[in-house]
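Quick mapping for you: the protein sequence lines, in order, are chains A and B. The letter at position 278 of the first sequence is residue 278 when you use the working numbering, and the numbering goes up by one with no holes. The letter at position 63 of the second sequence is residue 63 when you use the working numbering, and the numbering goes up by one with no holes.
Because the hints were derived from the structure by calculation, they are not lab data. Among the clues, some could well be false.
In the EDC-like style, the derived pairs of lysine to aspartate or glutamate whose C-alpha atoms are separated by at most 20 Å in a straight line are [as the list claims (entries may be wrong)]:
hint	chain 1	residue 1	chain 2	residue 2
1	B	Lys-57	B	Asp-37
2	B	Lys-233	A	Asp-78
3	B	Lys-233	B	Asp-259
4	A	Lys-197	B	Asp-259
5	A	Lys-233	B	Glu-166
6	A	Lys-196	B	Glu-139
7	B	Lys-290	B	Glu-266
8	A	Lys-176	B	Glu-50
9	A	Lys-169	B	Asp-203
10	B	Lys-233	A	Glu-126
11	A	Lys-196	B	Glu-166
12	B	Lys-365	A	Asp-259
13	B	Lys-176	A	Asp-255
14	A	Lys-308	B	Asp-391
15	A	Lys-233	B	Glu-281
Number of protein chains: 2
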Amino acid sequence: MSEATEIMDFELSKEFLERFVQAVEEQEVDFIQQSLDGVNPADITELLEEFDADDSKYVLELLDPQVGARVIIELEDDLQSRFMGNFTSEETAVYIDNLDSDDGVGVLNLLPISKREEVIALVENEEKAGHLLDLLRYEDDVAGGLMGKELIKANHNWTIQRCIEEIRKQAENVQKIYSVYVVDDNTKLIGKVSLKKIILSEDNARIADIYDDEVISVETYVQEEEVAQIMRKYDLEALPVVNVRGKLVGRITIDDVLDVITEQAEEDIQMMSGISSDVEEDDSVWIISKARLPWLVIGLVGGLLGAKFISLFEAQIAIIPAMAFFIPLITATGGNVGIQSSTIIVQGLANSSAFSDSVFRRLIKMLMVALVNGTILAIIVFGIVIFTTSDQTIAITVSSALFSVVLLASFMGTITPLILHRFGVNPAIASGPFITTANDLLGLAVYFFVANQLYGL
Amino acid sequence: MSEATEIMDFELSKEFLERFVQAVEEQEVDFIQQSLDGVNPADITELLEEFDADDSKYVLELLDPQVGARVIIELEDDLQSRFMGNFTSEETAVYIDNLDSDDGVGVLNLLPISKREEVIALVENEEKAGHLLDLLRYEDDVAGGLMGKELIKANHNWTIQRCIEEIRKQAENVQKIYSVYVVDDNTKLIGKVSLKKIILSEDNARIADIYDDEVISVETYVQEEEVAQIMRKYDLEALPVVNVRGKLVGRITIDDVLDVITEQAEEDIQMMSGISSDVEEDDSVWIISKARLPWLVIGLVGGLLGAKFISLFEAQIAIIPAMAFFIPLITATGGNVGIQSSTIIVQGLANSSAFSDSVFRRLIKMLMVALVNGTILAIIVFGIVIFTTSDQTIAITVSSALFSVVLLASFMGTITPLILHRFGVNPAIASGPFITTANDLLGLAVYFFVANQLYGL
Numbered sequence: 001m002s003e004a005t006e007i008m009d010f011e012l013s014k015e016f017l018e019r020f021v022q023a024v025e026e027q028e029v030d031f032i033q034q035s036l037d038g039v040n041p042a043d044i045t046e047l048l049e050e051f052d053a054d055d056s057k058y059v060l061e062l063l064d065p066q067v068g069a070r071v072i073i074e075l076e077d078d079l080q081s082r083f084m085g086n087f088t089s090e091e092t093a094v095y096i097d098n099l100d101s102d103d104g105v106g107v108l109n110l111l112p113i114s115k116r117e118e119v120i121a122l123v124e125n126e127e128k129a130g131h132l133l134d135l136l137r138y139e140d141d142v143a144g145g146l147m148g149k150e151l152i153k154a155n156h157n158w159t160i161q162r163c164i165e166e167i168r169k170q171a172e173n174v175q176k177i178y179s180v181y182v183v184d185d186n187t188k189l190i191g192k193v194s195l196k197k198i199i200l201s202e203d204n205a206r207i208a209d210i211y212d213d214e215v216i217s218v219e220t221y222v223q224e225e226e227v228a229q230i231m232r233k234y235d236l237e238a239l240p241v242v243n244v245r246g247k248l249v250g251r252i253t254i255d256d257v258l259d260v261i262t263e264q265a266e267e268d269i270q271m272m273s274g275i276s277s278d279v280e281e282d283d284s285v286w287i288i289s290k291a292r293l294p295w296l297v298i299g300l301v302g303g304l305l306g307a308k309f310i311s312l313f314e315a316q317i318a319i320i321p322a323m324a325f326f327i328p329l330i331t332a333t334g335g336n337v338g339i340q341s342s343t344i345i346v347q348g349l350a351n352s353s354a355f356s357d358s359v360f361r362r363l364i365k366m367l368m369v370a371l372v373n374g375t376i377l378a379i380i381v382f383g384i385v386i387f388t389t390s391d392q393t394i395a396i397t398v399s400s401a402l403f404s405v406v407l408l409a410s411f412m413g414t415i416t417p418l419i420l421h422r423f424g425v426n427p428a429i430a431s432g433p434f435i436t437t438a439n440d441l442l443g444l445a446v447y448f449f450v451a452n453q454l455y456g457l
Numbered sequence: 001m002s003e004a005t006e007i008m009d010f011e012l013s014k015e016f017l018e019r020f021v022q023a024v025e026e027q028e029v030d031f032i033q034q035s036l037d038g039v040n041p042a043d044i045t046e047l048l049e050e051f052d053a054d055d056s057k058y059v060l061e062l063l064d065p066q067v068g069a070r071v072i073i074e075l076e077d078d079l080q081s082r083f084m085g086n087f088t089s090e091e092t093a094v095y096i097d098n099l100d101s102d103d104g105v106g107v108l109n110l111l112p113i114s115k116r117e118e119v120i121a122l123v124e125n126e127e128k129a130g131h132l133l134d135l136l137r138y139e140d141d142v143a144g145g146l147m148g149k150e151l152i153k154a155n156h157n158w159t160i161q162r163c164i165e166e167i168r169k170q171a172e173n174v175q176k177i178y179s180v181y182v183v184d185d186n187t188k189l190i191g192k193v194s195l196k197k198i199i200l201s202e203d204n205a206r207i208a209d210i211y212d213d214e215v216i217s218v219e220t221y222v223q224e225e226e227v228a229q230i231m232r233k234y235d236l237e238a239l240p241v242v243n244v245r246g247k248l249v250g251r252i253t254i255d256d257v258l259d260v261i262t263e264q265a266e267e268d269i270q271m272m273s274g275i276s277s278d279v280e281e282d283d284s285v286w287i288i289s290k291a292r293l294p295w296l297v298i299g300l301v302g303g304l305l306g307a308k309f310i311s312l313f314e315a316q317i318a319i320i321p322a323m324a325f326f327i328p329l330i331t332a333t334g335g336n337v338g339i340q341s342s343t344i345i346v347q348g349l350a351n352s353s354a355f356s357d358s359v360f361r362r363l364i365k366m367l368m369v370a371l372v373n374g375t376i377l378a379i380i381v382f383g384i385v386i387f388t389t390s391d392q393t394i395a396i397t398v399s400s401a402l403f404s405v406v407l408l409a410s411f412m413g414t415i416t417p418l419i420l421h422r423f424g425v426n427p428a429i430a431s432g433p434f435i436t437t438a439n440d441l442l443g444l445a446v447y448f449f450v451a452n453q454l455y456g457l
């Protein structure tokens, strides 16, 4: 990433890593402090991810707590909780004192519940401690759990001068300001003023005269996916959060939402590929195996049911072994069609506008797509089978079974995510091994049913 | 989305839509203008997506061009190009004149090449026309293609006073400022100053004394995925872009990167599910069918090859039909294992840090996971088959074939995305029907090979 850091003088190279490993082993305090001085915390995080929790703690303690705190929150969740397990409540409190409240509560949420209030009691800044207690009340997947308490709010009666004083007072607490939020005498959110406007206004101008009353906000209970959708739709870098009575209680910044969006996409992809919990390439063999096993076992059970089903036709297969040849063709096509259908529906649900199609219209459309593709595929298969085997019965059986499977798999792939969505389950799960397994069985049933009819077995 | 808009007085409801459709049909200019007055352009976009290009154009022309321009860029790409096809070069130029240069060039890129310079020549603001010509030179998937030319730059010798004058001068052009970028006498980027700092500094302070010299920037040719990764890693809402000589040439804002991230994730998911081009639920039946067909045909060819392969064992199946029972079990497990492996590798590649595992270490790890899962699955299958059929030969054949398939499919699922990545192809394609089809064939080969050995057929 040399392009990104040309102005900074730090570059993560293999050589540096080796030198640094040596420095940590031999506890070369000076080298460690000098080489990390002024380095962006995100880069230090990347470096520390190469060390175990003990060594990382050693390095972190050599850094300014303000830098250390930023390094910690850049860590991925599982590493973060492993790291934090190594710190006493006192040490944790120092780091949290150096974080914005939303990041601080993120760290607290990784601790055992019993330890959380203990740590908060040790936080020196009393205002921050109060903020943290307040934020702990929210689930971490709603607006209240994403927001920080750090923001600049201005009463509509203030002058610009007064507002700038407030910014000065809060300057250390609020790292990035974006906008000043305007409230009435009951701290009800009524608008916002951009910093640009503040700079360009006279000091004695009143907020009431210059603020923008079209401010988009969310209530504390709004789901994080919806928060992300709103911030993306309206191109917001910060979104104020209000309580049910419209009082301003916090602010969500775009960096948190970026994480939500990325994690959501990764989770969907893992669901689609039948990996049951959030694993990464550098997790242990055992963790990866465990995350992959459940869906494999379900697929296995599906396969065994399929075997049981085919065994019902043992006698027929003995007479016409050709029936067995096309089993993989039928099951694979069913699986592919099912996953395609469900993916389109899942993405449609994620991007749904205010006027989404009804279930009925969706089914009709998918049916038409299935008719088109099913017909084309059936014709191709009929042609190839008749050309290569000259066996008309087999050609008709396979192609009509294939046609029916395309139709049925499309139906399953469309209806399953819609049903899951209706019941509040992430519909992405329907694009995974679930659909494949179900469609394998469905395909086999259709295939042997059609064969039975045509062969009159 | 009523939670999001409580302070705005516009809500997209079915009733409103019906009323609006009627208003458009009967050309009720007053109703249309009044009901859209002050509404966020993103909401108007959502509304217009329900209309065809002609009706949308009618509505757009009733709006202020500044609002209309924002409505147009909020449209999805395919709708945007359909809409723009309806506008003359003169009309297009007016909208582009009202957009930031990055959005403007986005619209231009949807036009036929021959029309682009014609439109630029019609743009009234000469500075903007120059910006647009400049930006057109870049591919749209690199930093140069994502950036806008609108930014505030300050010479390091300026005072704060001078800097504020510059902001005032540029106020209309630069909607969101975030930071002022500091350059030397050769417009080389040397740092940045936040608006907060400008507000809190004395008017006669010099930029040189207060600016932050640790500014992260990218060069124009950096790929958009890397831009997104950098902005996410360092929590940036804006990223300055420099040319090869370090001169400041533009600025990328977080909203553009958010779109890149979301589109990338959707594209990966579509690739995984075997949908070959970017389709959406509300595309026409024909477009959806066409996007889905190629992978279905490839799957079909795979299935036919499988049938051909199985037919080589026709005589054996006639004698032992039970061999056919387990075909779906073997192919499905191979498919599931392959997709799991490739997904973990693909996500690992996307999040790769500076010190990624080598190919060799990755393969070893995947092999170990495969050994664990393969053993467990083989034991389960052996147990169930021996319990239900008491046929030892079949139980041994199926379980040892299954074990081998898990190993082979893991290998394929690991190596394929790594190879694709090495050759610059999006590795997500390896998690799709490609792996499934290959593993189906591989599974069949292993299964019949093992059966052949054990049965001594």
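Go through the numbered hints given earlier and state which of them the structure violates, listing their numbers in rising order.
Result: hints 4, 5, 6, 8, 10 and 12 break, sorted rising.
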